[in-house]
Amino acid sequence: MKQAIISCLILFSLLADSTASAGEPIWEEKTEALGAITTMPSGTLSSAQLKTLTQIGLDLFTAKFTRLDGAGRPAATQAIIPTKARHKATQAFSRLAGPDSLACSSCHNDPVVGGAGDFITNVFVSEGFTNANFDTTDPQFSNERGTNHLFGAGLLELLAREMSNELAALRSKALNQAARNNAPVKILLITKGVSFGSITAMPDGLVDLKHVEGVDTDLVIRPFSQKGVMASLRQFTINAMNHHHGMQASERYGDRWTGNKDFDEDTHNDELTPTDISALVAWQATLRPPIAKKPSSKNWQQAAAKGEHVFNEYGCATCHMKSLPLSSLTFQDPGSFDVSGTLNSMAVKTPASYDLNKLAWAKQLPRNDKGEVLVPLFGDLKRHKMTDRTVAILGNELLSQRFVGRDIFMTAELWGIGSTSPYGHRNDFTTLEGIILAHGGEGRDARDAYKAAPKEERSSLIAYLKTLVIK
Amino acid sequence: MKYKFTSVLAFSFLANVLTSTFAAEPFTFDIPSMKEQAKDAGLTHSYDGPWEFFVGGGVASFDCNGDRLPDLVLSGGSSPAQLFINKSPTAGALKFTSAPLGLSKRDATKVLGAYPVNIDNDAHTDLVLLRLGENIILKGGPNCSFTKANHTLAFNGGAEWTTGFAATWEKNSPYPTLAFGNYVDRTAPGSPWGTCSDNVLARPLSTSKKLPNYSEPIALTPAYCSLSMLFTDWNKSGQPALRVTNDRQYYRGGQEQLWRIPERGAPRQFTKAQGWKPLRIWGMGISEADLDQDGIPEYALSSMGDTMLQTLDKEDDTDRPTYRDEAFAKQMTAHRPYTGTDLNPSTGWHTQFADFNNDTRLDLFIAKGNVEAMPDFAKFDPDNMLLGGLKNKFFEAGDKAGIARNTRGRGAAVIDLNADGMLDLVVVNRKANVSLFRNQGTQTSWGHRPLGNWIGIELDNGKINRNAIGAKVTVKTGNLTQSRTIQIGGGHASGQLGFVHFGLGVAERTKIRVQWPNGDWSHEYRVFSNNFVQISRNKPDALYWYPKPIGTK
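Sequences listed follow chains G and Z, in order. Counting with our numbering, you get residues 1 to 471 for the letters of the first sequence. Counting with our numbering, you get residues 1 to 553 for the letters of the second sequence.
In case anyone wonders, no lab produced these hints; they're calculated from the structure. Since this is a predicted model, take the numbers as computed values, not measurements. All C-beta atoms in this analysis are idealised placements derived from N, C-alpha and C, irrespective of residue type, glycine included. Mixed in with the good hints, there may be bad ones.
[What the hints assert, rightly or not] In silico DSSO-like pairs for lysine-lysine, Cα to Cα no more than 30 Å straight-line:
no., chain 1, residue 1, chain 2, residue 2
1, G, 306, G, 363
2, G, 173, Z, 539
3, G, 186, Z, 393
4, Z, 391, G, 84
5, G, 192, Z, 548
6, Z, 393, G, 84
7, G, 210, Z, 105
8, Z, 511, G, 84
9, Z, 277, Z, 236
10, G, 385, Z, 539
11, G, 173, Z, 393
12, Z, 277, G, 186
13, Z, 105, Z, 139
14, G, 84, Z, 314
15, G, 210, Z, 431
16, G, 370, G, 471
17, G, 186, Z, 391
18, G, 451, G, 306
19, Z, 431, Z, 379
20, G, 385, Z, 476
21, Z, 511, Z, 391
22, G, 51, G, 30
23, G, 210, Z, 463
24, G, 88, Z, 391
25, G, 88, Z, 511
26, Z, 431, Z, 314
27, G, 84, Z, 330
28, Z, 548, G, 349
29, G, 349, Z, 95
30, Z, 539, G, 210
31, Z, 511, G, 186
32, G, 173, Z, 511
33, Z, 393, G, 88
34, Z, 330, G, 261
35, Z, 476, G, 88
36, Z, 330, G, 88
37, Z, 476, G, 84
[What the hints assert, rightly or not] Here's a subset of chain Z near chain G, in silico, CB distances under 10 Å, partners left out:
no., residue
38, 29
39, 68
40, 148
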């Protein structure tokens with residue numbers, strides 16, 4: 001512990017005054033926060049250190065990156081694997097293939113910075129390997145997606161990590177049992193009350209995964225994106241920085257992997273250092289979670305109370321689980337579930353560690369009798385098929401994403417939904433009723449129950465959902 | 001000052017990182033840190049003997065006890081061949097225990113090489129031992145038990161000096177065709193110069209028993225003192241040919257060879273008229289890789305002096321086996337020691353393409369070492385680790401990786417011995433203990449960090465040719481496609497059987513397709529990086545395989 005604190009002190013020793021860095025005038029068209037820390041955060045961070053780090057993270061999140069910062073990627077595509085463009089881009093922006101904005105907060109701003117975005121902030125998700133320079137909204141080239149809010153993102157990642165660890169432990173248990181008994185062992189994959197199907201372990205160490213449900217075959221819960229395909233804020237941040245701004249993180253696009261410090265050929269080397277990414281992660285990870293507000297009027301309160309009841313009764317809470325228990329609020333960055341191309345805990349001497357418990361908002365979170373925090377996410381961090389033969393409007397994508405079928409999505413966490421219209425993965429629905437009625441597939445029963453309910457009951461559900469806001 | 005200092009200690013950790021060992025190198029990709037630990041791992045073994053054992057010194061790596069960790073059989077020359085069972089903990093220090101091979105004292109000695117191959121299609125891998133004298137087929141049994149099967153298989157091991165081996169399943173054959181490369185005929189008048197024994201092709205005869213019969217071998221004449229051979233689909237025809245590398249030290253009028261092996265017909269050597277250009281080298285070892293991903297393999301040929309990289313000449317008719325050399329252009333001639341003061345030419349033996357640093361670029365390992373005391377060749381001749389770099393050029397990293405030792409390497413295997421996804425290295429040395437290098441990842445100022453992502457793939461072809469010898473495995477990450485062909489043969493007297501390893505760089509997942517030995521293409525398998533997977537041709541999904549968790553015995 002002592003060692004960790006010392007290393008932390010060392011590593012925070014160079015939080016520099018960026019204005020002094022090159023004697024440049026204050027009006028220079030550059031982002032001051034870039035490179036503000038020159039040493040990688042490490043060990044247990046004090047409250048003051050975390051405050052500084054998150055301030056830099058906020059500044060980077062809201063920064064309008066410029067060409068002088070390295071914004072733009074003329075010779076690289078938006079791909080998550082460094083990929084050269086076939087033709088060098090001649091314009092700074094492309095509304096479709098990107099870069100499509102200067103700042104993270106250009107889209108994540110509703111109702112406040114870090115929030116979601118209106119339809120105009122939709123982005124076009126494409127692997128970027130082929131058809132990198134698509135200039136059409138034809139869904140055979142990309143999937144159009146709305147902007148999610150980031151509030152409570154640190155808690156989501158912590159939940160996912162604990163669940164992934166529990167699933168891995170179940171897999172090990174089955175393997176050990178199978179080896180011991182010299183016979184196959186089937187084990188149910190249940191963590192935090194969420195079932196992810198089952199696996200069958202063989203005595204020789206092979207694992208049959210065909211009955212795994214709602215999670216990738218490596219049993220890693222990836223909590224971010226509409227599809228649940230990003231393992232960490234760090235991974236998402238690196239992807240998004242390249243895609244949307246052409247700001248390339250050296251830990252993936254740098255010379256260790258590409259042989260070039262300026263992979264996108266915009267004359268800027270190592271545009272985002274690992275410490276820049278750490279700051280962005282810290283700001284996002286420490287964002288307060290949305291809350292369930294107490295409505296101002298008595299009749300809304302009454303309606304919301306009834307709505308909460310029908311929320312359970314219709315079966316909405318089967319997937320939109322009101323809360324999941326979280327054992328530890330210690331956030332480690334880099335984490336252990338990222339793989340090479342995103343820094344992980346094995347790739348640094350000592351990851352930075354900060355206790356979200358010390359943040360003011362943590363005290364408001366309910367706890368169970370085990371002392372676990374009940375994270376009020378209204379989700380299950382599991383993917384579900386959202387279409388059937390008659391209700392298929394959410395199956396409007398043509399491209400699967402990262403092995404996830406085109407009509408399969410991670411349960412949208414409903415916390416903050418009262419602040420983040422429009423709804424649906426493409427922001428297609430202007431009302432909550434609209435998105436409820438769009439639920440097919442595994443959401444069909446709840447949707448039908450809602451549809452069949454009296455108007456007043458349906459209204460009460462809306463009243464309840466409207467209390468889940470970002471404050 | 002917008003961002004305030006929060007502590008008083010003021011020196012830069014990052015600066016230390018940036019000035020670490022490799023910061024000044026133009027090669028920016030990872031260099032694996034290889035730690036030699038043979039003796040600590042329990043590997044005590046030397047390849048010894050007189051002139052006949054100046055060549056050979058092979059190692060077979062394969063799993064003989066069902067735990068999927070590669071076990072090792074090391075040839076010993078005048079010393080006995082030895083079997084070592086792999087007891088390495090997952091991602092831990094390498095560990096082996098010696099076990100009996102079940103051979104008589106006579107059979108255990110004079111072994112020059114060893115190749116694993118499942119000849120009888122049962123659940124256990126068999127083993128072919130190349131010897132000075134009778135070659136031996138060992139039928140594999142449970143728990144690393146072996147039984148001599150020459151009589152059972154009607155296999156005449158001959159009396160030659162055998163130094164090369166390759167196996168393939170010819171079309172519709174339930175059992176493999178075996179090729180043996182023979183060296184100098186010491187009994188012929190004028191030996192050793194110009195007296196090369198014929199090579200041998202042993203095709204399985206149909207039999208009512210559930211075993212092949214190798215009683216009618218075919219002589220491959222002419223032969224030019226072969227030191228390595230490999231069945232290869234050189235022109236994507238689906239019909240493997242036999243590539244043979246020969247030692248010009250002893251042949252007269254010889255050259256490198258490529259044999260057409262027609263179904264049921266007699267083998268025929270490709271001729272100059274058919275496009276084969278005579279090439280005369282001290283051929284010691286062959287390895288194959290499709291470096292430019294055009295579906296047509298390139299061949300690394302070790303020799304004395306320059307290593308060759310043979311690529312099909314695309315300016316010629318691609319139906320003709322006309323090759324040109326690209327080793328110089330790719331900076332991989334490895335013609336003399338890369339460190340030390342000895343500037344004499346090198347002597348290359350085992351060659352093997354592999355991705356040591358998991359960066360998706362294939363690397364080339366070459367075992368090096370003076371034949372014995374040849375004064376015109378380097379005495380200090382360290383093994384090469386040529387890492388693939390930008391623009392298809394290679395970068396010598398043997399010294400920085402820690403494998404530049406004063407040994408005389410012969411056979412070798414580049415394999416993952418502790419199931420951590422990073423390729424380790426075993427090198428059989430003449431008159432010195434075997435070298436065993438554990439790949440620790442990249443050295444940093446604070447320790448080692450993992451390399452790029454990876455995938456290990458095991459194929460199950462079903463009841464015949466269980467290990468899918470001849471299959472092509474293709475993995476796709478982003479726009480990059482990599483492929484490997486599953487082969488038994490080549491190298492220098494050394495063969496490997498086990499997971500096929502691909503480095504995946506920064507990719508967190510990959511798509512795999514297999515062209516099975518009969519030419520059928522599989523559907524696409526989608527798997528996540530950093531896993532071992534098994535692909536069976538009759539199963540729709542890949543199974544994952546997990547080694548014992550770290551920290552368990």
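These are the hints, each one checked on the structure:
| no. | hint | in the structure |
| --- | --- | --- |
| 1 | 306/G - 363/G | holds (27 Å) |
| 2 | 173/G - 539/Z | holds (25 Å) |
| 3 | 186/G - 393/Z | violated (49 Å) |
| 4 | 391/Z - 84/G | holds (14 Å) |
| 5 | 192/G - 548/Z | holds (26 Å) |
| 6 | 393/Z - 84/G | holds (19 Å) |
| 7 | 210/G - 105/Z | violated (50 Å) |
| 8 | 511/Z - 84/G | holds (20 Å) |
| 9 | 277/Z - 236/Z | holds (20 Å) |
| 10 | 385/G - 539/Z | holds (24 Å) |
| 11 | 173/G - 393/Z | violated (46 Å) |
| 12 | 277/Z - 186/G | violated (59 Å) |
| 13 | 105/Z - 139/Z | holds (18 Å) |
| 14 | 84/G - 314/Z | holds (26 Å) |
| 15 | 210/G - 431/Z | violated (52 Å) |
| 16 | 370/G - 471/G | holds (28 Å) |
| 17 | 186/G - 391/Z | violated (49 Å) |
| 18 | 451/G - 306/G | holds (16 Å) |
| 19 | 431/Z - 379/Z | holds (14 Å) |
| 20 | 385/G - 476/Z | holds (27 Å) |
| 21 | 511/Z - 391/Z | holds (25 Å) |
| 22 | 51/G - 30/G | holds (23 Å) |
| 23 | 210/G - 463/Z | holds (23 Å) |
| 24 | 88/G - 391/Z | holds (19 Å) |
| 25 | 88/G - 511/Z | holds (28 Å) |
| 26 | 431/Z - 314/Z | violated (44 Å) |
| 27 | 84/G - 330/Z | holds (22 Å) |
| 28 | 548/Z - 349/G | holds (25 Å) |
| 29 | 349/G - 95/Z | holds (27 Å) |
| 30 | 539/Z - 210/G | holds (10 Å) |
| 31 | 511/Z - 186/G | holds (27 Å) |
| 32 | 173/G - 511/Z | holds (28 Å) |
| 33 | 393/Z - 88/G | holds (25 Å) |
| 34 | 330/Z - 261/G | holds (23 Å) |
| 35 | 476/Z - 88/G | holds (24 Å) |
| 36 | 330/Z - 88/G | holds (28 Å) |
| 37 | 476/Z - 84/G | holds (16 Å) |
| 38 | 29 | holds (7 Å) |
| 39 | 68 | holds (7 Å) |
| 40 | 148 | violated (27 Å) |
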